[in-house]
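With chain G's structure known, arrange chain Y on it following the hints.
Protein chains: 2
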Amino acid sequence: MYWRRVRSFVIIGQSAVASDDFLLHDFAGTSGRLDVLARCVRAALLFSHGVRRDACVYLVLLGGPRAPRVVRFQGAVAKFVRPDERNLSVQLKKVLAYGDDAEITGFVEVRAGISVAKGSIDAVLADLAGATPFVLEEGAPDVREVPAAELANAAFFMGDHHGWDAACRKRLAEIGARPIGVGPVSLHTEDVVTLVSNELDRREPPPA
Amino acid sequence: MYWRRVRSFVIIGQSAVASDDFLLHDFAGTSGRLDVLARCVRAALLFSHGVRRDACVYLVLLGGPRAPRVVRFQGAVAKFVRPDERNLSVQLKKVLAYGDDAEITGFVEVRAGISVAKGSIDAVLADLAGATPFVLEEGAPDVREVPAAELANAAFFMGDHHGWDAACRKRLAEIGARPIGVGPVSLHTEDVVTLVSNELDRREPPPA
Numbered sequence: 017m018y019w020r021r022v023r024s025f026v027i028i029g030q031s032a033v034a035s036d037d038f039l040l041h042d043f044a045g046t047s048g049r050l051d052v053l054a055r056c057v058r059a060a061l062l063f064s065h066g067v068r069r070d071a072c073v074y075l076v077l078l079g080g081p082r083a084p085r086v087v088r089f090q091g092a093v094a095k096f097v098r099p100d101e102r103n104l105s106v107q108l109k110k111v112l113a114y115g116d117d118a119e120i121t122g123f124v125e126v127r128a129g130i131s132v133a134k135g136s137i138d139a140v141l142a143d144l145a146g147a148t149p150f151v152l153e154e155g156a157p158d159v160r161e162v163p164a165a166e167l168a169n170a171a172f173f174m175g176d177h178h179g180w181d182a183a184c185r186k187r188l189a190e191i192g193a194r195p196i197g198v199g200p201v202s203l204h205t206e207d208v209v210t211l212v213s214n215e216l217d218r219r220e221p222p223p224a
Numbered sequence: 017m018y019w020r021r022v023r024s025f026v027i028i029g030q031s032a033v034a035s036d037d038f039l040l041h042d043f044a045g046t047s048g049r050l051d052v053l054a055r056c057v058r059a060a061l062l063f064s065h066g067v068r069r070d071a072c073v074y075l076v077l078l079g080g081p082r083a084p085r086v087v088r089f090q091g092a093v094a095k096f097v098r099p100d101e102r103n104l105s106v107q108l109k110k111v112l113a114y115g116d117d118a119e120i121t122g123f124v125e126v127r128a129g130i131s132v133a134k135g136s137i138d139a140v141l142a143d144l145a146g147a148t149p150f151v152l153e154e155g156a157p158d159v160r161e162v163p164a165a166e167l168a169n170a171a172f173f174m175g176d177h178h179g180w181d182a183a184c185r186k187r188l189a190e191i192g193a194r195p196i197g198v199g200p201v202s203l204h205t206e207d208v209v210t211l212v213s214n215e216l217d218r219r220e221p222p223p224a
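First to last, the sequence lines map onto chains G and Y.
The numbering used here applies: residue 17 is where the first sequence begins, and numbers increase by one.
The numbering used here applies: residue 17 is where the second sequence begins, and numbers increase by one.
The shape of chain G in the complex, shown without the other chains:
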């Protein structure tokens, strides 16, 4: 039952550009902080000398003229994803250069295991059918206290350094996303991904 074990991370980038209009040598400075989301890809998908085949990451890009778009990384089939930001920014630049939005229906795989879709959080929800939604919030009940069974096929929604906008917050409430937290300090989103992944690993180590 492979698909029961998938863990999905959905990162909402309020200003992250949905196009390839950024400079590789100034990724953080020119991409609406897409670098923040790129680092979450590493945290979710990679471990020491390997790719988490059971992980999936969605980057919801709400910045720039081509927004909204979603980039999806599937650990099960991803190739050539390395942990350094240079590699991640190159991959994102290639994927975000893809086609006209008129040509895109659902998720289109542009690179091995990396796909792009038009739309915002609803494009992700359509793709996530059946996953139990959680939303990471400061001060919410501790992820360590959530029963293992409820985490078996979970999707974790996270804001970036801007936090949540009203539309996303409303949509997550509508789907009944449960607030959970990871401790007393307000952390970078990639650290939150790492902490949730570790908690899932402790419940059920990923397949070798």
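Each statement offered as a hint is correct.
For chains that are exact copies, the list does not tell them apart, and a pair is met inside one copy or across any two.
Heads up, simulated SDA-like pairs for lysine to any residue below, C-alpha to C-alpha not over 20 Å straight-line:
no.	residue 1	residue 2
1	Lys-95	Gly-45
2	Lys-109	Leu-40
3	Lys-109	His-41
4	Lys-110	Ala-128
5	Lys-110	Asp-42
6	Lys-109	Asp-42
7	Lys-110	His-41
8	Lys-95	Val-106
9	Lys-134	Phe-123
10	Lys-186	Gln-30
Hints listed in this document are in silico derivations from the structure and should not be mistaken for laboratory results.
Relative to chain G, chain Y alone:
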């Protein structure tokens, strides 16, 4: 008693260059994987919109002709440290360009809160006087089980993607470093830093 609360992370880079002989646009490819250590600096020192004033990071650089050298980041006084690899690589390049080794005695502050020293793990141990040493190892007892009092003034030694060499392992055994672990999966070193930091945060949240 500020200094009782300091948390120190010591990352051993078996191949990471101890000089500024690397390319900013190919940091991961030309620095002996100093990028792996740079990412640990972010994990240890930064949280959402702030610097952990109670954290200190030592990068032990064992690669290249100027090795061994140590770069120390002190959260208490660090400035201009940002989370992206570009910024971290620029900071490291400037610090590692510093002077002749003949001029360096102890730790020399080259940038605000960023210092360099000659030497390897012993240069770190001399600077850490009094800290309780722990060494991160796979399969070791869980950090979650370590009593809070023992973590009050701790130094956590971690390998990079190459793991440990015999000399470091012997030195850590001599000082009585206690093996601890963070779960069932072999993770990137920066994720290990994040997990240990979170466990410390849960025992005693850092000062505002």
